[in-house]
Amino acid sequence: MAGALFSILVFPGLLFVSLFGLIAEFIDRKIYARLQNRVGPPWFQTFADFLKLLGKEDIIPTEANQKMFSLAPVFALTSVVTVFLYIPLWKAEALFSFNGDIIMVLYLLTIPTLAFFICGWYSKSLFSRIGSVRCVIQLFAYEVPLFMSILASALLADTWSLRDMVVFYTRHPYYFLFNLIGFGVSLVALLGKLEKVPFDIPEAETEVVAGAFTEYSGRLLAILRLTINVEMVVGASLLGAVFFPFGLGFGPYVGFIIFIFKTLMIMAMLSLLRTIVARLRIDQMIDFCWKYLVPLSFIQLLLNLIAKGILSR
Amino acid sequence: MPDTNKFKIPFGPQHPALKEPESFSIALKGEKIMGVDIRLGYNHRGIEKACEERTYIQDLYLIERICGICSHSHSTCFVQAVEEIAAVEVPKRALYIRTLIAELERVHSHLLWLGVAGHEIGFDTLLMYAWRDREVVMDLLALLTGNRVNYGINTIGGVRRDISGEQIEEILKGVGILEERTKYYIEVATQETTIIKRLSGVGVVSYEDALKLDAVGPTARASGVDRDVRRDDPYAVYGELHFDVITDKHCDVYGRTVVRVKELMESYKIIRQCLKQLPDGPIAVKVPRKIPAGEAISRYEAPRGEDVHYVKSNGSEKPERVKVRAPTLANVQAVKHMLKDRFLADMPIVIAAIDPCFSCTDRLISVKGVNSKNKKIITWEALRAYGIDWYRGRGIDFTKISNDLRKRLEGI
Amino acid sequence: MLREVLGSFFKKPATNLYPAEKLEMPKNFRGKLVFYPDKCIGCKLCMKDCPTGAITINKIGEKQFEAVIELDKCIYCAQCVDSCPRKALEATKEVELAQLDAKKLKVIFSGNLQNGTKKETL
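Residue numbers (this note's numbering), protein chains in the order written: chain A, 1 to 313; chain B, 1 to 412; chain C, 1 to 122.
Source of the hints: derived by calculation from the structure; they are not laboratory data. Treat each hint with caution, since some may be false.
[Said to hold, decoys possible] Quick list of in silico lysine-lysine cross-link-like pairs, DSSO-like style, CA-CA up to 30 Å: (1) A/Lys291 with B/Lys29; (2) B/Lys269 with A/Lys124; (3) C/Lys44 with B/Lys312; (4) B/Lys323 with C/Lys48; (5) C/Lys27 with B/Lys269; (6) A/Lys124 with B/Lys19; (7) B/Lys286 with B/Lys19; (8) B/Lys286 with C/Lys63.
Note that the structure is a prediction, hence the values are computed from the model and not measured.
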């Protein structure tokens, strides 16, 4: 009981994933800055930002719905931290797992987006409403390719459980090559989930001031920003576990290092993608996702189906 | 039942997309723009009135500070008008130096615009690169004039500083570096997919509309209007230099980007010609402090378009009336037309594409009704009394406030 | 764009690490003014031409003048430098002039009545 509590709250639960999230934000901003020929923030910047926000006053507008305004960020943070408990990190066993947990993970990943929508909608300010509506519209565009490419990978392994999938790929190490198209598609779709350029439309600073988070300040804003950072870590670990399930049989310490390395590589790729493109308009984004990403993930599904048929013979 | 999909959002006066305050009140339906209400005047500082209280030499520095990026444009335009009234012949070397600084300022302004446009479409990398290269031209200007903005190179009758041989070397080196980088930016602007997607088809003003709405500068040239004061009404030494006026047929923000980036290349050509043809001679003539009575209009092609100054003198040391018509005032009327049936996401880039400089824009303009037949001339005293009454009617009494402030300051 | 961006990753950043590294201003940069009292003849042309009234010339003795320059009013245009017929004013390269105490922004340049050396007081 105490062991489970420790795992949920400290390692690899809330405390570890929050710290990793803050470090991940620092690494993302540093890489972004270096790619732009700048110096970038010092190592303690994200911790300082978080602590500073915790010390500021929470200003809740009088017209906003007080309860929903204060509760929505907490929902968002809880769901992303819960997802982390189901991802196999450095052994084939995640902290908890059951058959069908892939569906639950993907479902839990949708909750932050809906929580952001609630944040913006119940703020009752004009910019928040526009931002929150854009958030949900964007959900329609990137969710389908993301789900399909992850499920295509699960299809090849013939299971709905992350643990069994990882075990399957560890037994056949070269099968991950089938999933590379899916990896590309889900990397781009993950940019949509994390609301980073080119898909940072809900939070476009030059159009709607901060989108759904316009009215937030103080501790609630700290929780929201922590949620975004943890989402990045969770997304990167999920992609790492699904598409590159290596290094899971080497024991806890080596496995841990390999896990950190995999996650950082995927985050570096996300930062690189963030640097070289401009922001799209919402209609262009939906066009792009449905015209290019969805057909590619269909091709990936078909490929995996054919491969499964051939390989099981 | 009221349509809950329709609402008005305030874009300004304070907004992260605007570098300077101006109020655009947008009527939205979902993401589509139904109409825009523009209100100017948030940056009005009373410069034209202040010019009448200062001598011509002091006015030079005041006019220069109307705007940070077009400062040399305003200063040169003003000085040209005063020199025309005083009927002085400015030496050739001074005119060449003025042209050189003018083109360097154009380079600076267009590189700044490139960065700002990148930022408005969410492409921060372009912002960082363009502004890094802008440092090259700012260092050159600091070397030549003594300051990075607000150059203060003009004086009535010529320029204040001369160029030495090693400064010419530095300029040529700097221009060489910038030419390489500009070629790269032309490539990025024309070939990068997301940029083309965001900029094409946005902010369309056809050729006829550009003529009707009186657009000036790169905004008009991107719609095919072939107007450039440097060629049509040459001032300084533009009559002796060879350069092309860049026009484009795209009529949208993409066209304006292409026009500005290609104008950068033309500026490098002009700078090289200036340096090669620089004649020897004095850099200023002495002009008496009292300018004879007269009036003059002077035009100048600022980086944003045509800048017009009118100066009226009455024989004393201080001008009687100075009027400034900045290019953004002419362009801002086209913004309403450009935003018809577009999306909210296009708003920042459309405003940024006319290269707004609202500090230049806000002068006193009187708007008459479309069909009104009577006009009223309001004197300074009446205007001041009107202002005091307006505030008193809202419960703010400035006399009382200034007395309180004085008492408190004396108490320190 | 990709190649350029990856190339920048390995180059030195273009940022100046101010205030750890201070940049040198170019020659003839228009910074804080300095006044030579032994050259001044008291014509007050600088006061006439100053756009903001930042410089005041006071007579402190027979052919001895002192200048009071208000750093917060000065716009560093150096018009007074050009107007002075005896070159008693000069622009230096000093640009870090921010102060917390408003009284420190009034700089007085006056000479020693005995031997005319420049003395600057704040």
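Hints, one by one, checked against the model:
Restraint check: the Cα-Cα separation between A/Lys291 and B/Lys29 comes to about 26 Å, which is no more than 30 Å; the hinted pair holds. For the suggested pair B/Lys269 and A/Lys124, the alpha carbons sit about 55 Å apart, so the restraint of at most 30 Å is broken. Pair hint C/Lys44 plus B/Lys312 holds up; C-alpha atoms about 28 Å apart against a cutoff of 30 Å. Between B/Lys323 and C/Lys48 the CA atoms are separated by roughly 24 Å; this keeps the pair inside 30 Å, and the hint holds.
For the given pair, C/Lys27 sits about 27 Å from B/Lys269 by alpha-carbon distance, which is consistent with the 30 Å threshold. The suggested pairing of A/Lys124 with B/Lys19 holds, with an alpha-carbon distance near 27 Å, which does not exceed 30 Å. Taking the CA atoms of B/Lys286 and B/Lys19, the gap is near 40 Å; set against the 30 Å cutoff, the hint is violated. Restraint check for B/Lys286 and C/Lys63: the C-alpha separation of about 28 Å stays at or below 30 Å, so the hint holds.
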